[in-house]
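S.K.: Start from the sequences and build out the full structure, keeping to the hints where you can.
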Amino acid sequence: MYCYARPSHAYWGYSAGLDFESKLFFKPDAAALLEKTFRKRGYVPETIAIGANTDPYQPIEKRLRITRSILETCLKFKHPVGLITKSASVTRDIDILSQMAELGLVRVSLSVTTLDRKLARAMEPRASTPQRRMEAIAQLSSAGIPVTMMTAPVIPGLTDREIETLLKSGAEAGARSASYVVLRLPLEIADLFREWLESERPDAAGKIMSLVRQTRGGKDYDATFHKRGRGEGPIAELIAQRFEKARRRYGLDGERQPLRTDLFEVPLETGAQMSLF
4 MYCYARPSHA
14 YWGYSAGLDF
24 ESKLFFKPDA
34 AALLEKTFRK
44 RGYVPETIAI
54 GANTDPYQPI
64 EKRLRITRSI
74 LETCLKFKHP
84 VGLITKSASV
94 TRDIDILSQM
104 AELGLVRVSL
114 SVTTLDRKLA
124 RAMEPRASTP
134 QRRMEAIAQL
144 SSAGIPVTMM
154 TAPVIPGLTD
164 REIETLLKSG
174 AEAGARSASY
184 VVLRLPLEIA
194 DLFREWLESE
204 RPDAAGKIMS
214 LVRQTRGGKD
224 YDATFHKRGR
234 GEGPIAELIA
244 QRFEKARRRY
254 GLDGERQPLR
264 TDLFEVPLET
274 GAQMSLF
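For the sequence shown, counting from 1, position 27 maps to 30 in the numbering used here; every step adds exactly one.
Derived by calculation from the structure, the hints in this document are not laboratory data.
Incorrect hints may have been included.
[To be verified] Here are the simulated lysine-lysine pairs, DSS-like style, with alpha carbons at most 30 Å apart: (1) Lys39 <-> Lys121; (2) Lys210 <-> Lys222; (3) Lys248 <-> Lys121; (4) Lys39 <-> Lys81; (5) Lys81 <-> Lys121; (6) Lys222 <-> Lys121; (7) Lys26 <-> Lys65.
Note that this is a predicted model, so its numbers are computed, not measured.
M.R.: Written as structure tokens, this is what we have:
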């Protein structure tokens with residue numbers, strides 16, 4: 004209910020509510036388009052973030068395999084990738100991800116918002132259960148794939164009490180680093196989230212929204228780039244302090260190594276001949 008990708012549907016003329024939950028956009032030829040871009044003369048590789056808006060492991064990915072085809076293309080060209088997901092389905096691509104990890108080409112950020120299964124079911128009904136996500140972190144880590152434990156979003160008054168427990172569990176599962184995002188409520192999401200709170204947490208809805216506004220200068224949301232992910236004010240500062248202390252306590256504060264771009268190479272196209280010179 005908190006997903007900041009919901010307004011993307013409104014941008015295309017669909018609703019940020021039911022349409023977001025029932026209609027998906029995808030590019031059948033995404034991998035082919037990506038390869039075409041990689042082959043452009045003068046292309047300079049930079050890490051591609053997959054899943055920065057909506058999750059790349061929707062249930063339909065099992066059939067469409069679009070994310071997998073993109074990863075195959077990135078491995079083929081030795082191009083760096085950062086994956087962000089709430090789905091344990093990412094483990095289906097461990098065969099590709101482990102090869103990329105050996106070359107320093109990939110990092111997976113797995114988002115676990117709460118360990119409370121009942122709350123997760125109400126708030127993230129289509130995502131993998133918290134337990135399955137923790138198991139995915141363990142599987143990825145065991146395969147040598149660097150995993151960042153994401154607490155995204157931290158919801159003041161609702162999930163912030165779990166910060167330390169979440170990071171402890173992530174570290175025990177094998178995560179190498181941790182990050183977080185304070186709840187973001189841009190555009191249509193504020194009203195949708197408020198309605199959800201009043202339905203699911205009627206006794207605490209007012210308090211939670213008050214705390215959220217206290218991280219946004221008294222507003223539902225502040226889109227200022229350097230503030231939108233962390234918020235501001237005493238509540239946001241307390242969250243930041245607690246998170247940083249927990250990161251250090253559980254060994255999740257190591258400096259993340261940048262993914263490699265120097266290995267990028269353009270392979271010969273099928274049927275092409277090497278130059279004699």
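S.K.: Given the hint that Lys39 pairs with Lys81, does the C-alpha gap stay at or below 30 Å?
M.R.: Judged against 30 Å, a Cα distance of about 15 Å means the pair holds.
S.K.: Would you check the hint for Lys248 and Lys121, treating anything up to 30 Å between C-alpha atoms as holding?
M.R.: 27 Å, holds
S.K.: Verify the proposed pairing of Lys210 with Lys222, using a straight-line Cα cut of 30 Å.
M.R.: Holds, at about 14 Å.
S.K.: Taken at face value, is the distance from the CA of Lys121 to the CA of Lys39 at most 30 Å?
M.R.: 45 Å, violated
S.K.: Does Lys121 lie within 30 Å of Lys81 when you go C-alpha to C-alpha?
M.R.: Status violated; Cα separation ~41 Å.
S.K.: Sort out whether Lys65 lies within 30 Å of Lys26, counting only the CA atoms.
M.R.: Holds: Lys26 and Lys65 sit about 16 Å apart, inside 30 Å.
S.K.: If you draw a straight line from the CA of Lys222 to the CA of Lys121, is it 30 Å or shorter?
M.R.: 29 Å, holds
Of the hints listed earlier, those the structure fails to meet are numbers 1, 5, in rising order.
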